[in-house]
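Student: Given next are the chains, with one letter for each unit.
Number of protein chains: 2
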Amino acid sequence: MTYPDEVVTFTIGQVANLKKISTYTLRYYDEKGLLPKVMRDQNGTRHFTREDLQWLDMIKCLKNTGMTLEQIKYFVDSTYQGAKTLEQRIELLKNQVEKIKLTILEQQNYIEQINKKIKILTNEK
Amino acid sequence: MTYPDEVVTFTIGQVANLKKISTYTLRYYDEKGLLPKVMRDQNGTRHFTREDLQWLDMIKCLKNTGMTLEQIKYFVDSTYQGAKTLEQRIELLKNQVEKIKLTILEQQNYIEQINKKIKILTNEK
DNA sequence: ATACACGTTAGAGTTAACTCTAGGTCAAAT
DNA sequence: ATTTGACCTAGAGTTAACTCTAACGTGTAT
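Protein chains in written order, with the working numbering: chain X, 3 to 127; chain C, 3 to 127.
Treat the hints loosely; a few may be bogus.
Any copy will do: because identical chains look the same in the list, a pair fits if it lies in one copy or spans two.
Said to hold, decoys possible - Below are the DSBU-like pairs computed for lysine-lysine, each with C-alpha atoms no more than 35 Å apart in a straight line: (1) Lys118 <-> Lys39; (2) Lys103 <-> Lys65; (3) Lys75 <-> Lys21; (4) Lys96 <-> Lys62; (5) Lys103 <-> Lys34; (6) Lys34 <-> Lys119; (7) Lys86 <-> Lys39; (8) Lys75 <-> Lys65; (9) Lys127 <-> Lys34; (10) Lys86 <-> Lys121; (11) Lys39 <-> Lys62; (12) Lys103 <-> Lys86; (13) Lys103 <-> Lys118; (14) Lys21 <-> Lys62; (15) Lys65 <-> Lys101; (16) Lys62 <-> Lys127; (17) Lys121 <-> Lys21; (18) Lys75 <-> Lys118; (19) Lys96 <-> Lys34; (20) Lys86 <-> Lys96; (21) Lys101 <-> Lys22; (22) Lys101 <-> Lys34; (23) Lys62 <-> Lys86; (24) Lys118 <-> Lys21; (25) Lys75 <-> Lys121; (26) Lys21 <-> Lys101.
These are calculated hints, taken from the structure and not from any lab test.
All chains, full assembly: derive it from the sequences and hints.
Tutor: Quick look at the structure:
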C-alpha cells in the first residue's frame with residue numbers, strides 16, 4: 003500500500019532482477035560512488051528509487067561504450083555539483099558520441115577484414 | 003643483402019615498432035600459443051615473417067571485436083589442424099561478423115540514448 | 001521460539017590481459 | 001677487451017571490474 007506522496011523504492015535484490023546486475027556489482031557501484039543518491043533505512047538497507055534505476059541505465063550505457071568506472075564516476079560527481087558543470091557534462095557526452103561513431107567505423111572495417119578472410123578460406127575448399 | 007630465396011624477417015623490437023604492440027605483449031602472445039609459427043635462430047631469438055605479421059593483424063581484429071585470447075587461440079589452433087577444420091573456421095568467422103553487426107546496432111542505440119540526455123541537459127540551460 | 005530469506009559490512013579471491021624485473025646470452029662497436 | 005644494446009626466460013606485480021566469504025542483523029512465517 004503506497005500513499006500519494008510515498009516514493010516507490012526497490013531493494014537491492016529487486017534491482018538485481020530488474021536490471022540483470024548482481025547484488026555484488028550493485029553494492030560495488032554504490033561503494034565506488036556511482037550511485038550517490040541511494041537511500042538507506044534505519045537498518046542500513048538500501049532503497050533504490052526510479053531515478054537510481056535511470057542512473058543505472060546511464061552507467062550501463064557509458065560503460066558499454068567504453069568508459070571506465072572512474073570516468074563514469076567523474077560524470078556522476080559533475081552532475082551532483084549542479085548547474086555550473088552543465089556545459090562540461092554536455093561536452094563530455096557529445097565527445098562520447100563521437101567516440102562511439104569512431105568505434106562503429108572501426109567495427110565496420112573489421113567486418114570487411116573478416117569477410118576478406120572468409121572469401122580466402124572459401125576459395126580453399 | 004637478401005638473396006632471392008631468403009625470407010625477410012623481423013626481430014621482436016621491429017615488430018613492436020611496426021605494429022605498435024609492446025615486446026612484452028608479443029612474447030606474451032607467443033607464450034599463449036597465438037603465434038605458433040614464429041621462428042627462432044640458434045640463440046633463441048625470434049624471427050617474425052610477413053605471415054606472422056598478418057597473423058598479428060588477425061589477432062588484433064578478433065581481439066578488438068570482442069574475442070578473448072583464449073577464443074583466438076582456438077581459431078589459431080584450428081588453422082594449424084589444416085583443411086579438416088576449414089568449414090568450422092568459416093562458420094566461426096561468419097558468426098563473429100554477426101556479433102559485430104549486433105554490437106554496431108547496440109552502439110547506435112547508445113548514441114540515441116546519449117543524444118536524448120544531451121537534449122535534456124541542453125534544455126536545462 | 002526458531003528458522004528462513006534477505007539485507008548489511010569488511011576484506012579476500014578471481015580473471016584477463018598485460019607489464020615489469022632480475023639475471024642471463026650474444027653480436028657489434030669502440 | 002669491454003661496453004652497449006637488443007634479445008632471452010621465469011616468475012612476480014599490476015589493473016579493472018567484479019565476485020565471493022564470513023559473520024552478523026532484521027522481519028516474517030510456522
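Student: Please go over all the hints and tell whether each is borne out by the structure.
Tutor: Structure-based check of each hint:
In this assembly of identical chains, Lys118 and Lys39 lie within 35 Å of each other by CA distance solely across copies; the values are 22 Å between and 50 Å within a copy. Proximity of Lys103 and Lys65 under a CA criterion of 35 Å is satisfied in both settings, with 15 Å inside one chain copy and 19 Å between copies. Taking identical chains as interchangeable, the C-alpha atoms of Lys75 and Lys21 lie at most 35 Å apart whether they share a chain (19 Å) or sit on different chains (33 Å). Proximity of Lys96 to Lys62 under the C-alpha cut-off of 35 Å is found in both arrangements, the shortest distances being 17 Å within a copy and 28 Å between copies.
In this assembly of identical chains, the alpha carbons of Lys103 and Lys34 lie at most 35 Å apart whether taken from the same copy (28 Å) or from different copies (33 Å). Taking the closest pair of Cα atoms, Lys34 and Lys119 come within 35 Å of each other only across two copies (23 Å); inside a single copy the shortest separation is 43 Å, beyond that limit. In this homomeric assembly, Lys86 and Lys39 come within 35 Å of each other (Cα to Cα) only inside a single copy, at 19 Å, whereas the closest approach across copies is 58 Å. In this assembly of identical chains, Lys75 and Lys65 lie within 35 Å of each other by CA distance both inside one copy and across copies; the values are 11 Å within and 27 Å between.
In the homo-oligomer, the alpha carbons of Lys127 and Lys34 lie at most 35 Å apart only across protomers (29 Å), although the nearest pairing inside one protomer, at 53 Å, exceeds that limit. For a Cα distance limit of 35 Å, the shortest separation of Lys86 from Lys121 across copies, 17 Å, qualifies, whereas the shortest one inside one copy, 55 Å, does not. Only within a single protomer do Lys39 and Lys62 lie at most 35 Å apart by alpha-carbon distance; the minimum there is 17 Å, versus 40 Å between protomers. In this assembly of identical chains, Lys103 and Lys86 lie within 35 Å of each other by CA distance solely inside one copy; the values are 28 Å within and 39 Å between copies.
Taking the shortest alpha-carbon separations for Lys103 and Lys118, both the intra-copy value of 23 Å and the inter-copy value of 16 Å come in at or below 35 Å. In this homomeric assembly, Lys21 and Lys62 come within 35 Å of each other (Cα to Cα) both inside a single copy, at 10 Å, and across copies, at 32 Å. Taking the shortest Cα distances, Lys65 and Lys101 sit within 35 Å of each other both inside one copy (13 Å) and across copies (18 Å). Taking the shortest alpha-carbon separations for Lys62 and Lys127, only the inter-copy value of 26 Å comes in at or below 35 Å, while the best intra-copy value is 43 Å.
Taking the shortest Cα distances, Lys121 and Lys21 sit within 35 Å of each other only across copies (25 Å), while inside one copy they are farther apart (41 Å). Taking the shortest alpha-carbon separations for Lys75 and Lys118, only the inter-copy value of 20 Å comes in at or below 35 Å, while the best intra-copy value is 41 Å. Taking the closest pair of Cα atoms, Lys96 and Lys34 come within 35 Å of each other only inside a single copy of the chain (25 Å); across copies the shortest separation is 39 Å, beyond that limit. Within a single copy, Lys86 and Lys96 get their C-alpha atoms as close as 17 Å, which meets the 35 Å cut-off; across copies the closest is 49 Å, which misses it.
Taking the shortest Cα distances, Lys101 and Lys22 sit within 35 Å of each other both inside one copy (26 Å) and across copies (21 Å). Proximity of Lys101 and Lys34 under a CA criterion of 35 Å is satisfied in both settings, with 25 Å inside one chain copy and 31 Å between copies. For the homomeric pair Lys62 and Lys86, the shortest alpha-carbon distance inside one copy (25 Å) is at most 35 Å, but the shortest distance between copies (42 Å) is not. Taking the shortest alpha-carbon separations for Lys118 and Lys21, only the inter-copy value of 20 Å comes in at or below 35 Å, while the best intra-copy value is 39 Å.
Taking the shortest alpha-carbon separations for Lys75 and Lys121, only the inter-copy value of 21 Å comes in at or below 35 Å, while the best intra-copy value is 45 Å. In the homo-oligomer, the alpha carbons of Lys21 and Lys101 lie at most 35 Å apart both inside one protomer (25 Å) and across protomers (22 Å), since each shortest distance falls under that limit.
In the structure shown, no violation is registered for any of the earlier numbered hints.
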